[in-house]
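Peer 1: Protein sequence lines, in the order shown, are assigned to chains A and B.
Here this note's numbering is used: position 105 in the first sequence is 105, and no number is missing along the way.
Here this note's numbering is used: position 300 in the second sequence is 1300, and no number is missing along the way.
By construction, these hints were calculated from the structure, which means they are not laboratory data.
Warning: the hint list may mix true and false statements.
[Said to hold, decoys possible] Partial chain A-side listing against chain B, Cβ under 7 Å, derived: (1) Phe48; (2) Ile52; (3) Ile122; (4) Val189; (5) Ala247; (6) Leu259.
[As the list claims (entries may be wrong)] Only pairs whose alpha carbons sit at most 27 Å apart, straight line, appear in this in silico DSSO-like list of lysine-lysine: (7) B:Lys1135 - B:Lys1111; (8) A:Lys106 - B:Lys1111; (9) B:Lys1020 - A:Lys101; (10) B:Lys1105 - B:Lys1143.
Computed from a predicted structure; not experimentally measured.
Every residue gets a Cβ at the ideal spot worked out from N, C-alpha and C, and that includes glycine.
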Amino acid sequence: MTQFPPYVGLGGRAWFYGYRSFCGLVLLFLMAPILVIVPLAFNSQPYFTYPIPGFSLRWFEAIWQDTIWLQAIRNSIVVAVASTVISTSLGTLAAIGLMRKDLPGKGLITAVLVSPMIVPIIITAVGSYFFYSNLGIANSLTAIILSHAALGTPFVVITVTATMVGFDHSLTRAARNLGASPLYAFRTVTIPLVWPGILSGALFAFATSFDEVVTVLFLGGVEQRTVPRQMWSGVREQLSPTILAVATVLIVISVAMLLTLEFLRRRNARMRGLAD
Amino acid sequence: MTATILDAEPLSAAERRSLKSRLRRAERMGRVRAYAAVAPLLAFILLAFVVPITLMLINSVQNPVVASQFPRTLTALAAWGRTAEPTPPEGVYEAFAEELKVSRKAGELSKVATRLNYDSGGMRSLLMGTARRIKDGDTGPWKERLLAVDAAWGKRETWAVFRQAGDPFTAGYYLAALDLRRDADDQIVRQPEDQRLYVDAMSRTLWVGALVTFFTLLAGYPVAYLLATLPPKTGNLLMICVLLPFWTSLLVRTTSWIVILQREGLFNDLLMALGLIDERVQLIFNRFGVVTAMTHILLPFMILPIYSVMKQVPPSLVRAARSLGAGPVTAFFKVYVPQTMPGVSAGALLVFILALGYYITPALVGGPADQMISYFIADHIGRSLNWGLASALGGVLLAGVLALYAVYDRLVGVTNVKLG
């Protein structure tokens, strides 16, 4: 029970509880889909209703016995890892270049680099479909990897730039002054300080690719189906409990990513002396 | 860089100049290095993102099919004095018949027929039907012959469609995207009532975007305030409720809303148990489902920017207002809310921009009357194969989003997006 100061009247208390309840409902609304779907994935019966008659892991086993799902998982991992590597390396390098304050054309360059995040995904997908068809590599993992890499880079650029806002440039200069080559200074001074930003950017890029379905719909054939693509057709045709099991696995992955990100954020704040 | 130990003696003019020029050179080198670092990504984005979108924009105006197959017919049509003669002269029919034979032989006629059919239903069967009745060895005079095959070949409307589809570059797809077309006299008129689709779809897209923005703001602002004012320990814990859905796959969340909202789903169970409804209601595959799911998915994009602005607002200001005699409501709306407006405008613009491009969620939880502009683009690419129209619809959507993006950049700055 909250202790109110004596001057808070009845209306003030009612307002307080009303406001807290409203916020509670919104937070419940936010969590509801996750809270609802996870227990249902362990349902021993193929129904989507509560109460659950018994628990079982049969739907998770069903994923492992289904070659289509296994191929989708493999494709998703290949695509996400490859596109993350491309977008993280290019994005980090670009963010370091954009650190310079007096760079002519910086605003325009940044706007172009960040635009894949803002342009509706359907437009990117349609354009990529035309582009990779012309190149003759539509219906290939390469096309999907390249378009996912483009979609992931803005996140890398943004997070690495944000980490570098508080970056003390005199540290690299000191290293250079002490005789370090530019590359050596970069490797031993800059990178250790900004790697939390790089890693969170990489996580964002990975999540973007791992979750992306529209470009896969356009650029992937039967052989290139990814997990979200497989979920898409599953939801459209017939919702099966296996999909809920896959969804649960994806939720576990997001929890892991969220925890990693939180860890990185704290580490970054600590290293820059901003600990709360 | 080599360190130079300067003597106490003042620098001569020449030395100063050389120092200046060396500084300039060092600056220039720094800039070149910075550009070199940015260049690979810029090149990649231009190639893998800007070029594809440019291709889409080219496809929205390019129109080579008819022009490449019927060049002589189109030249003859251009020479036809349309006001003086009710039907085209024999030259048009002669060119048309000969090019029809050539095109049929080359296997291109079906493409032409499909292209013409986009502009006017019935053109496909007219063209293919005519082609079937004409043999390779047939000769003229063609006008009577073709009119006997199908009287439509004597109509100005038929030839207007043919002529307009013959422009190698056309605004026709954009006209179609705005439910307009050109009539037989090349005047721009509205499509017949039963063929108007896209203006409705666009206004629906804007409307759903506005609704979702409104609801995310309504639900997000109080929650952001709570999270920003709670002690950090509790606040961070509750923040998980915002960040976990944010990190959860879009498809997972959409699937989950189907499970919750379907007729036999949890929400209906709950309403029944509470006695609020007597029979199960349809909550999914309609507008309610779309707005609910999209509000859920975009809510973190509203809460996070508002939260980060609220964190910066000093609480002493509201206290000062209160001590100066303002009531709690006045102090909140006159002192606190104005200071959070940067966060509100950032969140609202972001949510609105993202909502306009939504495809997956409306396609999975919406009914036929809830589909947004993205759905029609995907449909024309995948099913009707009218790539020109799909590209033009994409062009309209892109223009809208880029305009909002420019506003966003002006107000917030594109790299100031807070991501968790």
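Peer 1: Checking hints one by one. Is Ile122 (chain A) an interface residue toward chain B, by the C-beta closer than 7 Å rule?
Peer 2: Since chain B brings a Cβ to about 4 Å from Ile122 (chain A), closer than 7 Å, the hint holds.
Peer 1: Is the Cα-Cα distance between Lys1020 (chain B) and Lys101 (chain A) 27 Å or less?
Peer 2: holds, 20 Å
Peer 1: CA of Lys1135 (chain B) to CA of Lys1111 (chain B), is that 27 Å or under?
Peer 2: holds, 20 Å
Peer 1: Was the hint right that Ala247 (chain A) lines chain B, CB cutoff 7 Å?
Peer 2: Since the shortest Cβ distance to chain B is 4 Å, the answer is holds.
Peer 1: Please verify whether Lys106 (chain A) and Lys1111 (chain B) have alpha carbons no more than 27 Å apart.
Peer 2: The given pair, whose Cα atoms are some 46 Å apart, is violated under the 27 Å limit.
Peer 1: For the pair we were handed, Lys1105 (chain B) and Lys1143 (chain B), check the Cα-Cα distance against 27 Å.
Peer 2: holds, 22 Å
Peer 1: Hey, does the Ile52 (chain A) contact hint survive, CB to chain B under 7 Å?
Peer 2: With Cβ-Cβ at 12 Å, over 7 Å, it is violated.
Peer 1: For the restraint on Phe48 (chain A), tell me whether the closest CB of chain B is nearer than 7 Å.
Peer 2: Where the cut-off is 7 Å and the nearest Cβ of chain B is about 5 Å from Phe48 (chain A), the hint holds.
Peer 1: Would you check whether Leu259 (chain A) satisfies its interface hint, that is, whether its CB is within less than 7 Å of any CB in chain B?
Peer 2: violated, 10 Å
Peer 1: Holds or violated: is the Cβ of Val189 (chain A) closer than 7 Å to a Cβ in chain B?
Peer 2: violated, 16 Å
Hint check: violations occur at hints 2, 4, 6 and 8; the rest are consistent with the structure.
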